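Start from chain A and add chain R with the ligands according to the hints.
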Amino acid sequence: MDGYLRPRTLDDALAMLAATPGCQVLAGGTDVFPARTGAEVWLKRDNRPLLDLSGIAALAGITETATGWRIGALATWTEFCATQLPPAFDGLKQAARQVGGAQVQNRGTLLGNLCNASPAADGAPPLLTLDAQVELSGPAGGRVLPLAAFLLGNRRTALAPGEIATALLLPHPPEGAMGGFMKLGARSHLVISIAMVAGTLALEGGVVRHARLAVGACSATAQRLPLAEAALLNAPPDPARLLPEHLAALTPIDDVRASAAYRRHAALVLLQRLVESLA
Amino acid sequence: MTIALTLNGAAELVAAAPATRLSAALRDACGLTGTKVGCDTGDCGACTVLLDGAQVCACLVPLAQAEGRAVTTVEGLAATPLGAALQAAFHAHGAAQCGICTPGMLMAATELLATTPHPDEAQVQAALGGVLCRCTGYRRIIAAVLAAGSATTASAAAVLALGTATAPLAGAVGAVGESIPRLDGLPKLNGTERFGADDAPADALWLRPIRSPYAHARFSIGDASHLPVRLLTAADIPGRNGFGIYPDIKDQAVFAPGLARYRGDCVAALLGERAAVEAVRWDDLPITWQELPPLTATAAPGGPALHERWPDNILTTGRLRSGETPPPATHIAQGEWTTGFVEHAYIEPEAGWAERHGETIHVHGCTQAPYMDREEVAGVLGIAPEAVRIIPSACGGGFGGKLDVSFQPMVAVAAWLTGRPVRAVWSRGESLASSTKRHPASIQASAGCDAEGRLTSFEFEADYDTGAYASWGPTVAGRVPVHCMGPYRLPFVHSQARAVLTNNPPSGAFRGFGVPQAAIAQEMLWDQLADAAGMDRLEFRLLNALRNGDTTNTGQRLDHSVGLVECLEALRPHWHALRAARRTTGRTRGGVGVACMWYGIGNTGMSNPSTMRLTLAPDGRLTFHNGAVDIGQGSTTVLAQIAAEALGLPVSALHMVLYDTGLTADAGKTSASRQTFVSGRAAQAAGAALRGEILRRANAGAEARLTLSDGTLRVNGEALRLDSTLEGLGSYDPPTVPLDADGQGIPYATYGFAAQLAALEVDMDLGTIHLQKIVAAHDVGRAINPLLVQGQVEGGIAQGIGLALMEEYLPGRTENLHDYLIPTIGDVPEIETILIEAREPLGPFGAKGIGEPALVPTAPAILSAIRDATGATLRRVPALPHRVLEALRGH
Ligand SMILES: Cc1cc2nc3c(=O)[nH]c(=O)nc-3n(C[C@H](O)[C@H](O)[C@H](O)COP(=O)(O)OP(=O)(O)OC[C@H]3O[C@@H](n4cnc5c(N)ncnc54)[C@H](O)[C@@H]3O)c2cc1C
Ligand code: FES
Ligand code: FES
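Just so you know, the protein sequences line up as chains A and R, in that order. The first sequence begins at 480 in the numbering used here and counts up one residue at a time. The second sequence begins at 588 in the numbering used here and counts up one residue at a time.
Next comes chain A alone, as it looks inside the complex:
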């Protein structure tokens, strides 16, 4: 490996990033290192210098703010699970407990999961249903993007050259909102999702007043399903209101884990069960 940088401040990090073209940002390393191993099998060595964020104290921690919660770029899945949060965040916590095994949860960060932009990133669907925003910092200053605008495609994000994602911003969820997550894979632990769904629902007098549903691993990036959400609104929560056509925007693929047709079918079944469990 040709270089390794471990700045202590964000400013230093940005300066180093600007001065070291082609540098790769490193947080928990649970995506960075496996990718390097994979390339080395066929002697395709990835020699990009690493810019390790782990020494930057300002990027650590999960804090409550006036508008919601701020999840620092270094916050791990384990840290997130240990934080007291309203029930709307339960889906994200359920996802956190199913990302890899305990070793990966102890090291992997929520932001790393998003920056890596795998279609099967388990953090993406629950974060979409929580209206998460990504806070970025770069040579031109800071900006904040809604998660859906941050995730552009398979392994593609809106991160501009020289930019670092500094935090996830989660607004206070609506009163009474409940969150859930369901993941489908071919084994019990350490499994990349065939499909996964997340949702938050808030009821008022037995009627759905707030609904967010999202599906992952069924398109290049996880997606919210506005048609499905609309179908649930202003009625008692009823899984039967969710129909195949509400999932039309998904573009699942055939791969070693499952067929496209199965994914489309499973996503609907999981969504229905999720609504049932949140009702």
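Don't read these hints as lab results, they were simulated from the structure. Please read all numbers here as calculations on a predicted model, not as lab measurements. Don't take each hint at face value.
Using C-beta positions, here's what the derived DEER-type ranges look like [unchecked claim]:
(1) Ala-561/A - Ala-1168/R: 15 to 25 angstroms
(2) Arg-1400/R - Pro-500/A: 31 to 41 angstroms
(3) Pro-815/R - Pro-500/A: 23 to 33 angstroms
(4) Pro-880/R - Asp-734/A: 21 to 31 angstroms
(5) Gly-632/A - Glu-865/R: 26 to 36 angstroms
(6) Arg-1174/R - Ala-498/A: 55 to 65 angstroms
(7) Ala-1168/R - Ala-536/A: 32 to 42 angstroms
(8) Val-735/A - Gly-922/R: 21 to 31 angstroms
(9) Ala-666/R - Gly-632/A: 49 to 59 angstroms
(10) Ala-498/A - Gly-969/R: 53 to 63 angstroms
Under the rule of at most 20 angstroms between Cα atoms (straight-line distance), these lysine to any residue pairs were calculated in the SDA-like manner [what the hints assert, rightly or not]:
(11) Lys-1360/R - Pro-1160/R
(12) Lys-523/A - Pro-800/R
(13) Lys-523/A - Val-864/R
(14) Lys-572/A - Ser-597/A
(15) Lys-1360/R - Ala-758/A
(16) Lys-1360/R - Ala-1157/R
(17) Lys-523/A - Arg-896/R
(18) Lys-523/A - Ala-1291/R
(19) Lys-572/A - Glu-654/A
(20) Lys-523/A - Ala-539/A
(21) Lys-523/A - Pro-815/R
(22) Lys-572/A - Pro-800/R
(23) Lys-572/A - Gln-710/R
(24) Lys-572/A - Ala-713/R
(25) Lys-523/A - Thr-703/R
(26) Lys-523/A - Pro-1398/R
(27) Lys-523/A - Arg-817/R
(28) Lys-1360/R - Glu-558/A
(29) Lys-837/R - Arg-896/R
(30) Lys-1360/R - Thr-1171/R
(31) Lys-523/A - Thr-875/R
(32) Lys-1360/R - Ala-1168/R
(33) Lys-572/A - Leu-489/A
(34) Lys-523/A - Ala-811/R
(35) Lys-523/A - Glu-860/R
(36) Lys-523/A - Arg-868/R
(37) Lys-837/R - Glu-962/R
(38) Lys-523/A - Pro-873/R
(39) Lys-523/A - Asp-870/R
(40) Lys-523/A - Ala-862/R
Beta carbons are placed, not taken as given, at the ideal position from N, Cα and C, and that holds for glycine.
Showing chain R with the ligands alone in chain A's frame:
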């Protein structure tokens, strides 16, 4: 550059680059090789260490992130009460087999128990879910962690009392039938066990194979003088550029000369100082490739020949003809089944090293077959086998995959040419791409029974995709036709299995040699016939089961040790209880499946001798020279128990000299479930021979009592003085008769029998399977060590679960352990093992083998249960959720 951290409680300055993976820093810079590397991708957890008390995969942590923090490794465990308690519990429960996953398991468990002293099973699963074990089936690991959590007092002394591989275990008697913990247990628990990647000399050169990325390609290698390291090619092989299991088939080149026949085929190797080798990139290589269309299993028969020697691409055809015409059948069943490539996925990738000593060469590393490796290395170097010494390291799992040579010829050639020690460690990706696999099978079968449910006929035809080279293909084609009807009375059998050469990875030996695939078809047909005849599926099998005195379809009369009826009868109450408890309506439906198997112990109709030796020196040192490689299955312990019992002394009296072709006689390979039976008989004979020598000198009768203490052997209390070393030599070769063209003969001296039940639930909307329980009844003849036998059963079942539900190797697509899925700790349900002991008169104290039998019935029992739950017959394994759902809908 140095980085300061606290390592196992002491300050440490680690001299390595900040981006170095912590696993590599611990192993290479700190010399702590207890932390294992199975993948470098976070998938196996073998590298798990604690970072400030939290478990992490050391392979994913840059050393810089450990700066100023506390790192705890397996080497640091014994010093803490909790660590010592865990080690002792792992030992007592048989939770470590090969031991390669054990450090990771122990570290994950340490994190758990430090915060949750009394966990429940679900908490244990969640905490250990990131560590893979391929040997144990996890159940004993869970039990050990639960036990360590409830142990109130634990002492380091408890661990120090454990045995090491070569020193006697204090106080243990280890009588035959006693569940003593493994005699070679301690090094597996404290990180001192030396596996293939753990003990190469520091000055060894590094060898890195170059493999074809294409399934089929011509290539030429140009001038390599621009490379900073040496490029070894076919031209560098001093002897024969070929290896292979059969003496007359050396069809796989060490470095392919111009034609690559599968993705992963080795074409050359880089040799030099490690850093220089690791800096070479693909684009630097002077190799030009011309991709050719690959041959698949369907196109291969009659397609363009892959090897001149087999113009039709049929490596071998095995067949069996038994019975003239079938009796009339009332019910007929038929079907087709396909299975995929299955990877052994031992957690230790291939690794070892070689060193030239004058005109001889020593090769160290993981293997299942040291004497076969010796032949291969000698052939490749063009020297006599006696000039080659194979010194096996500990073997971190094999399951058949380390029977073929891998690194051995390459490092031997490199060390021979350079005079320097040379080492090689396959990465997981290389291991997956290059190693042998379980044969994919494409099976057509039909069977009939009469109105009472008596089987009338069985016909079976299968193509086994044997890949690019012969490897064990002929063995598979030989075993399948004689096993595929299962352990049943059949008046008529026609069976045929072909091994078809393709541009796929070579299919070799994998626990069961083709029989697990065949058992799927056989048992699924029985389910169909039982239903047609209106019979209970277990009773149907019982009615047709082989019994003592029956003659098999190869014409072999079995007079003894046919324990299948006892197995089925032992399962019957479980069968009824599980069937009564299952849920038959709703979103998830329960099902219970049953399947049987038989398995011939030892080679098929071929000599496969073993020799064991015991010596008693004048100073009273009693030594057991045992050449059978223990790959985790426990032969070191079991053979010592047998030898000690035959001799009449406790196992604690034995010192051991273990597998090393320079020190121990040929015990044959560790495969074919043969070590307990074949080497066990040899060990028994060696024990008896030495006992005979002793009694003769002491002039004592056969019943004399021996004791050994303080260097003095006493016979009936009288000290025996010796002026020279006494020796007891024992050899055994099971009596067999080769099969004729119709598959008639005595292929095996004895057979293991088993029946298993699987209870599960199927999610009717998603096609997912949730296993609830496996009940396994195994006739092992005699359980020399029930603890270890149960460990084999559970480990075999876990692999059967993988075959049934998740494992499918696809070249180029599942070349890592996150895409190639093996069962995790949450995928193996409760297992109840029932040991049936139908004594085998030929076996040592009545014992047969268990290594492979455990795996065979599991997949068919699972498919039988899915059918019970849903009515749908799966035609293809693994039964991934989308395939199950398709089958449900097609039904
Ligand atoms: C065994 C195993 C199992 C896994 N299982 C799952 C699973 O079940 N579900 C799942 O979703 N994922 C899984 N993962 C993937 C991974 O653990 C997660 O995606 C994790 O959250 C990544 O976080 P990290 O901090 O380790 O990222 P890193 O590896 O450090 O970085 C990931 C990527 O994001 C970039 N990056 C990271 N942080 C920033 C930042 N702040 N600004 C800009 N770029 C950044 C890096 O450059 C890199 O490209 C698994 C990984 C392993 C090894
Ligand atoms: S070696 Fe680190 S997880 Fe496998
Ligand atoms: S004992 Fe777990 S992998 Fe061998």
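Hint-by-hint comparison with the structure:
In this structure the hint that Ala-561/A and Ala-1168/R lie 15 to 25 angstroms apart at CB is violated, the actual value being about 38 angstroms. Between Arg-1400/R and Pro-500/A the C-beta distance comes to about 33 angstroms, which sits within the given range of 31 to 41 angstroms. Taken as a hint, the range 23 to 33 angstroms holds for the pair Pro-815/R and Pro-500/A, whose Cβ atoms sit roughly 26 angstroms apart. Taken as a hint, the range 21 to 31 angstroms holds for the pair Pro-880/R and Asp-734/A, whose Cβ atoms sit roughly 24 angstroms apart.
For Gly-632/A paired with Glu-865/R, a C-beta distance near 33 angstroms keeps the hint of 26 to 36 angstroms intact. For the pair Arg-1174/R and Ala-498/A, the supplied restraint of 55 to 65 angstroms holds, since their beta-carbon distance comes to about 58 angstroms. Under the hint 32 to 42 angstroms, the C-beta atoms of Ala-1168/R and Ala-536/A, about 56 angstroms apart, miss the expected range. The hinted range of 21 to 31 angstroms is satisfied by Val-735/A and Gly-922/R, whose Cβ atoms lie roughly 25 angstroms apart.
Evaluation of the 49 to 59 angstroms hint for Ala-666/R and Gly-632/A yields a pass: the beta carbon distance comes to about 51 angstroms. Between Ala-498/A and Gly-969/R the beta carbon distance is about 57 angstroms. The supplied range of 53 to 63 angstroms therefore holds. In summary, the hint linking Lys-1360/R to Pro-1160/R is supported, as the alpha carbons are separated by about 14 angstroms, within the 20 angstroms threshold. A hinted pair counts as satisfied when its Cα atoms are at most 20 angstroms apart, and Lys-523/A with Pro-800/R qualifies at roughly 12 angstroms.
For the suggested pair Lys-523/A and Val-864/R, the alpha carbons sit about 13 angstroms apart, so the restraint of at most 20 angstroms is met. A threshold of 20 angstroms between alpha carbons decides the hint, and for Lys-572/A with Ser-597/A the separation of about 19 angstroms falls inside it, so the pair holds. With a C-alpha separation of about 32 angstroms, the suggested pairing of Lys-1360/R with Ala-758/A is violated against the 20 angstroms cut-off. For the proposed pair Lys-1360/R and Ala-1157/R, the alpha carbon gap of about 16 angstroms is at most 20 angstroms, so the pair holds.
With a CA separation close to 36 angstroms, the supplied pair Lys-523/A and Arg-896/R exceeds the 20 angstroms bound. Distance check on the hinted pair: Lys-523/A and Ala-1291/R sit about 69 angstroms apart at the alpha-carbon level, beyond 20 angstroms; violated. Of the supplied pair hints, the one linking Lys-572/A and Glu-654/A holds, its CA atoms being roughly 19 angstroms apart against a limit of 20 angstroms. Of the pairs offered as hints, the one joining Lys-523/A and Ala-539/A is violated, with about 33 angstroms between alpha carbons and a cut-off of 20 angstroms exceeded.
Distance check on the hinted pair: Lys-523/A and Pro-815/R sit about 17 angstroms apart at the alpha-carbon level, within 20 angstroms; holds. About 41 angstroms separates the Cα atoms of Lys-572/A and Pro-800/R, which puts this hinted pair outside 20 angstroms; it is violated. A C-alpha spacing of about 16 angstroms is found between Lys-572/A and Gln-710/R, which places the hinted pair at or below 20 angstroms, so the restraint holds. The hinted pair formed by Lys-572/A and Ala-713/R meets the criterion: a straight-line CA distance of about 14 angstroms does not exceed 20 angstroms.
Between the alpha carbons of Lys-523/A and Thr-703/R the distance comes to roughly 43 angstroms, so the proposed pair goes past 20 angstroms and is violated. For the hint linking Lys-523/A to Pro-1398/R, the alpha-carbon distance of about 18 angstroms falls within 20 angstroms, and the restraint holds. Restraint check: the Cα-Cα separation between Lys-523/A and Arg-817/R comes to about 19 angstroms, which is no more than 20 angstroms; the hinted pair holds. Restraint check for Lys-1360/R and Glu-558/A: not satisfied, since their Cα atoms lie roughly 35 angstroms apart, outside the 20 angstroms limit.
A distance of roughly 11 angstroms separates the Cα atoms of Lys-837/R and Arg-896/R; the hinted pair therefore holds under the 20 angstroms criterion. Note on Lys-1360/R and Thr-1171/R: the hinted pairing holds, with a Cα-Cα distance of about 17 angstroms set against a maximum of 20 angstroms. A threshold of 20 angstroms between alpha carbons decides the hint, and for Lys-523/A with Thr-875/R the separation of about 17 angstroms falls inside it, so the pair holds. With a C-alpha separation of about 12 angstroms, the suggested pairing of Lys-1360/R with Ala-1168/R holds against the 20 angstroms cut-off.
Using a Cα cut-off of 20 angstroms, the hinted pair Lys-572/A and Leu-489/A is violated, with the two alpha carbons roughly 28 angstroms apart. In summary, the hint linking Lys-523/A to Ala-811/R is supported, as the alpha carbons are separated by about 18 angstroms, within the 20 angstroms threshold. Of the pairs offered as hints, the one joining Lys-523/A and Glu-860/R holds, with about 19 angstroms between alpha carbons and a cut-off of 20 angstroms not exceeded. Between Lys-523/A and Arg-868/R the alpha-carbon distance is near 6 angstroms, which keeps this suggested pair within the 20 angstroms criterion.
Note on Lys-837/R and Glu-962/R: the hinted pairing holds, with a Cα-Cα distance of about 11 angstroms set against a maximum of 20 angstroms. Of the supplied pair hints, the one linking Lys-523/A and Pro-873/R holds, its CA atoms being roughly 15 angstroms apart against a limit of 20 angstroms. For the hint pairing Lys-523/A with Asp-870/R, the CA-to-CA distance comes to about 8 angstroms; that is within 20 angstroms, so the pair holds. About 15 angstroms separates the Cα atoms of Lys-523/A and Ala-862/R, which keeps this hinted pair within 20 angstroms; it holds.
Of the numbered hints stated above, those contradicted by the structure are hints 1, 7, 15, 17, 18, 20, 22, 25, 28 and 33, listed in ascending order.
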